[in-house]
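*Asks:* Sequence:
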Amino acid sequence: MPLSGSGETSAAQPLPVSFPVPDPASTTARRVGRRAGARPVGPDLVPGGDAEPAVGDRQLVFFGAETAEPSVADLAGLLAGPGEVHRMGGTARLSVVVDAGWRVHVLLAELAQRGVRATWTRTEDQRYAVRTAYTRTLVPLAAAWSRGPAQQPPAGFQLDGRRLRLWLAASGAVDPPDFLLRLGGADPGGWTVVGAALVAAGLAGELVEPGAGGPAYRIAGRRRVLRLAELVGERPPAVPPDAWPVRD
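full-length UniProt numbering applies: residue 1 is where the sequence shown begins, and numbers increase by one.
Honestly, the hints are just simulated from the structure, not real lab data. All of these numbers come straight from a predicted model, not from anything done at the bench. Glycine included, C-beta positions come from ideal geometry on N, C-alpha and C. One thing to keep in mind: the hints can contain errors.
Said to hold, decoys possible - Just the calculated beta-carbon pair ranges, DEER-fashion:
#	residue 1	residue 2	range
1	G89	A220	37 to 45 Å
2	A150	P241	33 to 41 Å
3	P176	P140	33 to 41 Å
4	A129	P154	23 to 31 Å
5	D248	R136	41 to 49 Å
6	A155	D175	26 to 34 Å
7	H86	R223	33 to 41 Å
8	P154	T121	27 to 35 Å
9	Q126	G213	17 to 25 Å
10	R222	T91	21 to 29 Å
11	G221	A186	39 to 47 Å
12	A204	M88	19 to 27 Å
13	R147	A73	16 to 24 Å
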């Protein structure tokens, strides 16, 4: 079911709907307003300092999703979770299977912001597969995560707000009062690298083993959940209110 780079789909192949469809115009207006009110963020701006950019009565979190323009490198957040990357010749494609229609809406919008074409299909187990087109744009990402036939995080892998936002959109799940960030694959070594990146981001999580409902990292405690909310930014319009961490 091909989509354009803007995330649009034909009337014959509507996006899955189990919630109110977001209004693209209002979403764009909020995004433009946010960018217009923010000052540039650079390495000399210290978190919490007077130079930290602000939007309205909220301060933007250093390394948060709202502090920089989206880039293709952010898609590493999907690979930290259940996303997979495949190479073909001089191109690569990223795919991820999600369990809810709202995740399809959010991911297609996020991919479109980065100029990446995508499609979606329903899977046999009534989930949704989101796939990008094969493109040279994704080759550096694929190369960084490829270890022969295996997919592993690169050494020194880091997580920022934009990567965490994509991971949360693809496989984050509320488990009151905590949040789970679900993992993919079956490589404990890769999970350890991702866990170290969470620690570096101020989100030390507890690894939930596959037999106990994982694999996933549990972000527990009010302070860490608030930190997660600050990093991933405001809830996309398509997301149910109880499925996204709140900054208040």
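*Asks:* Which numbered hints turn out to be false for this structure?
*Replies:* 10, 11 and 12
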